[in-house]
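With chain D's structure known, arrange chains E and F on it following the hints.
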Amino acid sequence: MYKVVVPGDFISDEVNRAGEGTYVDDGKVYAMNYGIVHDKGEIKVVALSGKYVPTNGDIVIGKIVEISFPYWIVDIASPYEARLHNSEFGRGTERKIEFGDMSNYLDLSDLIVAKVLNVDALMRVDLTLRDEFKIGDRGRLIEISHTKVPRVIGRSGSMIKLLKEKCNCFIFIAKNGRIWIKGREADMNLALEVVLMITNEAHTSGLTDRVAHFLDSFKKNREGDRE
Amino acid sequence: MGIEVMADIRKDYVYDLIESGKRADGRGFRDYREISVERDIINKAEGSALVKMGDTAVLVGVKLEPGTPFSDAPNKGILMTNAELRPGASPDFELGPPNENSVELARVVDRGIRGSESIDLEKLCIEEGEKVWMTFIDIHALDNDGNLVDAAALGAIASLLNASIPNDRYGLAGEDTLSIRDTPVAATMIKIGENILVDPNLYEENAATTKLTVISNADGTISGVQKSGTAGLKEEEIAEMLEIGIEKAGEIREKYLGDIVV
Amino acid sequence: MKEEEIELIKDGKRLDGRGFEELRPIKIEVGVLKRADGSCYCEIGNNKALAAVYGPREMHPRHLQDAKTAVVNYRYNMAPFSVDDRKRPGPDRRSVEISKVSRDALDPVILKEYYPKTAIDVYVELLQSDAGTRTAGINAASVALAAAGIPMRDLVSSVAVGKIDGEVVLDLNAVEDNHGEADMPVAMVARTNTITMLQMDGRFTKEEFERGLKLATKACHEIYELQRTALIEKYSKSVGEGEE
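Chains as they are written, first to last, in my numbering: chain D, 120 to 346; chain E, 138 to 399; chain F, 32 to 275.
Treat each hint with caution, since some may be false.
Stated by the list, open to error - Computed from the model, here is a short list of chain F residues facing chain D with C-beta under 7 Å:
no., residue
1, E89
2, A177
3, P182
4, M183
5, R259
None of these hints come from the bench; they were simulated from the model. Quick caveat: nothing in here was measured; it's all calculated off a predicted structure. Using N, Cα and C, we set each Cβ at its ideal position, and we do this for glycine too.
In isolation and in its complexed conformation, chain D is listed as follows:
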């Protein structure tokens, strides 16, 4: 049962359970977002839309937009830009990257997978590279609303597991709504179509089953075509 609320809707009197997406006024819990109420343990309103705001520990896919020694400035699909210090690249080695050298390691428009190291009170976002993970030339990068990411992953990863198996692709979903898919052309197209289906029907129930069904019938048709 999904209950949609708009800002200002009354949700509950149980003020002690008020969580994300709600606010408390005069002993009552109200919705702060246009979204869906989740009432298990904590009372939350999961927003249907909105911008991604980084928090410590998030894994994001970023795009280099500026080189400003000693930082790369990274676009992370957020109202806030992030930065990557050049000492992050080559941690644990003696590498020290000079001013002119930076573009040899990461250049404008390069894509990276990084972890949010710290967001300070002034909203300065520092990233750290995981194992120097730069996304190569192969594959496809797509961007969806970060609010749909949990659905694409599914409960305990059930949805993403289904996708990886049935589409036969490498799929990496970042917290900020960017997804990197790598595989054969036809397989990537299928994965893309399924991701779009999930984002359009994110809040319906029985979605995982419907996706599984769709993927199975698609494969059957494809096998049928081959014969």
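Just chains E and F, lined up with the frame of chain D:
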């Protein structure tokens, strides 16, 4: 930048003071600062008034000149109000096109004059459909210590009363002075915490969460209301402010416009 | 405000057949624009207002940023073809003032602290005008902000009241506004009955003013229900054939 920091510090100080029932200059919550109205001080203007409320000073000048009437009001004169927040009046005023505060100031004062129909625009008709008197009310803020709107509105009506019509300059004949039928007066109140104060000075204005200007006439009718600022108001608060506004306007009218026969 | 005298009330009804306390027909559509982060199209009678919200997004120029909260910008604009006499493009003084009071009407409900240093830009275009445009704009903007995922305490609803032929009436159209005696646009938060915009133009006695305000607040509650329904139904549509 230095000014901004100071204002924030001041905000808490003003708030605490008000909460304890006091105002920094010792006034009561319903007291206006000392007001002075000096009329006819600019000899080039057809009407003028210098209004001071405490340290706030606004000079209003009225100029008349013949012009073409609007097509939908061929027998009516034209009224235009403009406000200049000159950089000399405050470190926060910059040169450039009118910003939202000066636009709002002019429009609110204009509303009060127009709503009360204090100027008989039909009497400003020279030749129907061809020529009418255009009345320019120009508000020049000289020194900003808060509540420019009440000073400007008072200056506007004071300038209009006794304003002359410059027939000679244009080789025309007609009435010597503007025919004024009513005396709209603006009274502005602010809210700090749960307290309502009249005639805010600059620090109080910056510390206020919301402001309400009520323009009323001699018969107690209202010819303009403007809320500004970001806090909300309840209906009961608005009713209270309305009453205070009408009362204060009456006091100001009697004291500073009372000698002029309407 | 008066031009030639015309009778605005005939046999106890207004020229368009409405009763004194009747709103014009209202239509609210959510999510009509692709590029905006949130959008809403609102019709009140013959007014057509389109609100687009972008943000929170990076705020430029930097020196206007607020280190602690988002900055809300509101720009009301009338299309040149939206009125009888073509309106020259560009902001005029009236638009500047309307933008200011509209922004102040919405600002109190927006939880700006969640997005420091950013800008939340609200663009309201009036495509067709028939008096009450600023109220249509605020109604649309409020819904567009929610649709964009901006955290808010409440929605804001808006309507104007006025006086025609001596009677206090709700939701003036252009003929009534041009020939009437007073015009009072109001915006409020229905949940808390808190008024966030109030202006008056013309002449009211104190009693008429208070009666008008009561009429406006009652209508705002009705409008709030329409805004809420539009948002809820938009969600159900996007769900498609999902089981509940």
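Consistency of the hints with the structure:
| no. | hint | verdict |
| --- | --- | --- |
| 1 | E89 | holds, 6 Å |
| 2 | A177 | holds, 4 Å |
| 3 | P182 | holds, 5 Å |
| 4 | M183 | holds, 4 Å |
| 5 | R259 | holds, 5 Å |
Going down the numbered hints, you'll see the structure goes against none, and every one checks out.
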